[in-house]
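Protein chains in written order, with this note's numbering: chain F, 1 to 762; chain V, 1 to 87.
The set of hints was computed from the structure by calculation and includes no laboratory data. Every value quoted in this text rests on a predicted model; they were computed, and no experiment measured them. Each residue gets a CB set at the ideal place from its N, CA and C atoms; glycine is no exception. It is possible that some hints are incorrect.
Here are a few chain F residues that face chain V, going by a calculated C-beta distance under 10 angstroms [what the hints assert, rightly or not]:
{"id": "1", "residue": "Gly169"}
{"id": "2", "residue": "Glu184"}
{"id": "3", "residue": "Ala341"}
{"id": "4", "residue": "Ile346"}
{"id": "5", "residue": "Asn424"}
{"id": "6", "residue": "Gln434"}
{"id": "7", "residue": "Ala610"}
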Amino acid sequence: MVATFEEKTDYSVVGTRPIRHDGLDKVTGRAVYGGDVKLPGLIWGDVLRTDQVHARILSIDTSEAEALPGVFAVATHKDFPTAADMEVETGEEVLNMKRTQDNVMASDKVLYSGHVVAAVAAVDRNTATEAVRRIKVEYEALPPVRNVDEAMADGAPILLEDLVGNHFGESVPNTNVAIAVRHEFGDPDGAFDDCDLVVEREVSLEMVHQGYIEPHNATAIWDENDRVRVWESTQGMFAVKEQTAALVGLPDSNVVAESVEIGGGFGGKTKTYLAPVAAILSKKSNHRPVKMVMDRPAVFMASGPAPGGKVSVKMGVTKDGKIHAFDGKLWYEAGAYPGSAFTAGINCFRAAYDVPNSRIDAHDVVVNKPKSAAYRAPGSPQVCFAIETVVDEICETMGWDKMQFRLDNASTEGSRNGNGVMFNRIGLVEMLEQARDSDHWNSSLGEPAPGNKRGRGVAVGFWMNGGGKSTVDLMLQDDGTVAMNEGSQDIGGSRASIAMQAAEVLGLDAHDVHPSIPNTDEIGYTGTTGGSRVTYATGFAAWEAAMKMVDEMKVRAAALWGIDEDDVEFSDGTFSSKSDPELNLGFKDLATRLGDTGGPISTTSSVNLAAAGNAFGLHICDLEIDPDTGKTDVVRYSVFQDAGKAIHPSYVENQMQGGAAQGIGWALNEEYFMHEDGSMANFSFLDYRMPTSLDLPMLETHIVEVANPMHPFGVRGVGEVPIAPPLGAIPNAINDAIGVRLQEQPMKPGRILEALAAKNGG
Amino acid sequence: MAKVFLPYELRRFAGGKGELDVAGATLGEVVNNLEEAYPGISDHLLQDGRLKPGLAAVVGYAATRQGLLQPLEPDTEVHFVPAISGG
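Looking at chain V on its own, in the form it has when it is part of the complex (with noise of 0.2 angstroms):
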């Protein structure tokens, strides 16, 4: 199970929590499995089947750099989180 921080916006899906724990090998099993238990979720986390652009999932420690394909050992932390950008 990997440990989901929800960003504070969509809380309101999981009827205000901000941590879960949600089952999945890849990022894109556990987004798929948060979809499956919050339907529309991921509406807001994904777009033509990517991340959205200018959203991040840090697994661990770090922005994941490989999207969905990213695999998760067990009890990380994922956070969805708005990308480094601008100036």
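In isolation and in its complexed conformation, chain F is listed as follows (with noise of 0.2 angstroms):
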């Protein structure tokens, strides 16, 4: 079974505020991202991007770009070896090789808009572009698949025509249903004829992106050994290794993944695009270093949304106020690929409830889109939007108070979740708790404008959090600072975090910590920063090597001062004998003095996690809308969360909200709008609108902190929960303001007005 640790609330370093290991690199512009690297000889690559939705390939003609002065190589999908179509491991996740091959070079079809068709390498990055446009391609154009209700139809044109579904256990081909999942346990249909109120609604929710900054890029030289190194925004160095060493034909051991910044991912940098292409091109172009960069309209048409889809929830309660059956329904969009995140959907969507008749049906569906990512809480926001709403109507319609209902239905450690997997401890009862006791919930509205209408929402989410496998290297320095090798990318202040965890341990200030990220070749295994498990993981791993460094380090006192291993105590910073108060030495003390006892001592610690960081958020959302213009403000915002343990409760205060600022614009604004052939139309941020600062007001945070039993801090994990309670929040606040529940996401001022006149009877 897993090890388990006792809370503890005496730390010297956890839970301090310290500035950041990598700020000044930052605020200077002198951290290196992917777009900084220059190497001697680089040459720039370009893709071309189809701008059919569906289609079959005919031919395709590269000869023109060929033949331009400075292209170096040309490359299209038949200068890949054909990867296994299978389904591989690749860290945290699960991948069909060939299918990520023809997403990052179509091989048959194209399948969306954007979608590679071919490259070139040439001397410079106009000279690329312009080879480019020189590719002809012919077509058979197909009928597009727009959203799961096409996909799914009676002779629904087919994606992908050697897929064959996997339908509650049975092989079914000919289907853009990859996959079709049940979880029931319990007896849901008998037991909504116990129910004194069933409510059911369904839901649909468009694509969106996750709008990191800065575009995907990548750079990569294949040498004469067939050694390639690779330069990848990403948020895993060794995912980029490994799915670049299955798409390009070497093993795993070929392939170098350099560290660069990362400038926001938040999921969508968990996919390789590039990286693959560079490689080839540069295998063609004499093994000169090729350089790649997507622009805007790339990233939005051809790298990872976050699925949209429908969600329905069928809810039964009784009239003493507990939700007594349930059975919930969602299709996911998965993009022209088999891969939503309908497992997470599943585990997401009543997490906040126990409930005793349960079941859940999940469909994993392709269509003409981009292949989906993670974004966020990977799956959990559609469920939110779906089954918060109907909580709602549900308190509305008994007349019940909508944080009891909450409190009364919580899940608590021992209840099952939505899969049948029980919660061990768990906040949610605690977050609730200090919620419904908040001055936010129990203030007034205050005043709208002339003619306006406000109203209050809240709603709850969950992320389950992540855990696997993680590496931490520590050195001891001379002046007894420690220099720290950690395996993760740092998107959200993971360097900060992790070094204070061993500057815990160690009795050390948190800058005395030196933490750096060096390339896959110098660091152990280390999955990708995704899932919220890097505070948690990795963190872990720097707990176990300060912990393996002092136990080292008593072994030297010891040796110093003629005593046994076993007399020699560690506390607060200081090393001293059980047995002869005399004998004592702080940690930098006796890190001077190390030479006599063996000399340098270094740590490591490879960690392979379970994880049960099971996390809640509870958001209260006021708004205020214009009944003449539909335009929605979000006039107050308090974000409450479980962290387990805040590490650097800022960076907990900044993913709470970040994630509330995304979730907000996921629920309001932003979606893929589409042309009716199924092309993007919205592919600048002019016309995709995502909140900014100006948008919103100060989005309040409560850190609740119930410890996380496996970790020796307690944490849980906290970046992804807050995107997940305003698909619920807003809609919720939105029917309080103006009477209309809203079950289209975006809730964009047209449907507001839409809803309004057709409740007015217009």
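Two chains, two frames, some hints: make the complex.
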């Protein structure tokens, strides 16, 4: 079984707010991002992206591109070895490499507008772009499949002719539904008959994008010994290494991924798009390094958004205020290839509620849109929209207090999630109680502008939080500071949160631990930064490596003092003898005297952790609507979240605010707005409207700390949860303001006006 | 005995039952005993002698990272569920 830890509260470093170790480099522009990579002999790559939405490739003529002066190489799918058509575990993810390869470079069909069909390497970027224009492709246009309803309709065009669906255990050919799975326990059908109120609703959602500022980029060099070195903006350099190796036909050990800074990812940079193409182009360009950078339209059209789709909820309650039966269904748009976040959707669907009779059906559906990718709590916001609006409607219908209803039905230790798995210690009740007693929940809505309407909504969201593989190396320096190598890409301040955990054990200041992220040959395997796993798992490795360092230093102190090592103890940064109070040395003092005791000390820890960091967030949203324009303004917003233990509270608060802001945008404005032909219309930040600081009030944060017993400091992970609750809190607030329940995302002004008109009989 | 919760699609192997008591000191032994009782079921759980890619075995509260080597305490719950993946 998994080790568990007693909760502690007496920390020196954990829970403080030091300036991040990489802060100076970031604000001075010294930090090296993928776009900054410059190598001797560097040339540029570009790709041809199709304007077809669904078409068979009949021919590709690259002759004019190859003849253009300055062009070194042109590549199509024929330059890639055929990847295995099977599911392969790559770190934290399972991928079908054949389909991943087809997504990177189309073979027989293009499946979305923006799909890559050919690539060019040339002396400079303009030449590469001009050469791309000279590539001629013949297509046989096919009817597009634009959403899950079209995908599942009788006689629907089939995207992947070789796809055999697994529908509840049955193999089904000629389908766009890759997987359909069910989780069921109790007797949901029978239980609905015992309910006093049953509400059944369906919501629909459009794809949305993570909207990271830094576009995808990669530089690769394939050398004469068939070793490949890549620099890619990524959340997981080991994933880049593995996926690049698999797609270009090399053993993993032949590929080294270098660490570069990342300008946002939010899950979208867990997939590799450019590195394999740059590697093939490098190989064909006589081993010159090749650099590739997506422009913004390419990022939107061809890098993975979060799934759209639809979600239905049927919930039954008894008059004593208990949820008795639940039946939920989700159909997620995977994009062009299977692999939406439907499994996470199952786990997040009704995690906040303890329900004795439960069924969840989940469907992974391919459509002619870019292959979906993770986006912060992938799969959770969509189901939050569905279930939290139904809970709100039930409370409204029955006249129940919305916070008390959630408390009365809250999951606790021993409750079963929708997949049947029991929760261990979770902090949902403590979080709900803090929200119930908060100033926000007990305040008035305030006065709207004349003619406007105000409303308040509340919703709960969930994320499991990840574990997995992580490595940390610690190297004691002569001055008693500690150099730290860790394998996690730093997206949101994890250098600091990991270093702080080592510092806490070692009795050092946070800035006495100096974190670095080396390349994949210089650090042990570490999974992708995603799923809110890093502060938990890589932090655990830092804790373990630091514990090993303390143990070794006890041995050295014993040697210095000529006593048994069992006589040495370490507390508050000082080594001392248990039997002789005269013998004591601070950590740094001992570090200066290691030479005669055996020389340098380095320790390492590689872990592969199970994860049960289950975390919940609750958001309260006050908004104001102008009924004449449909414009919605968020006027007050509070985020409550169980962090387990906040290692660096400022970064936890930043995660809570950032996730909430993205969720608010998802709910109110953002969508892949598609032309009738199925191509994306709004592929710039002018037209794809994300909220900025000018659009939102200060998002108030309330960290709740119920320690995760599976982590030495109680960490649960925080980054994912806060994007989910806005999808429920905002429609609930809209209903509170104007009395209409919107069941389509985004809840943009036009939809609000339409709903108001319908309500008023217009 | 471990308390094994079968995925919905595999309950047909066990006559519709979703919850079974299965002997085994490790997850591997439990899967072997499941196969003995319900021939063919392990084809849906294993590939090349390991848990199938995309399948997670939750032991207690969390998905095991030790695969078939995972030791099991008596009365431990074992759930076979789709692994968290994709996005």
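Hint check against the structure, violated hint numbers in rising order: 6
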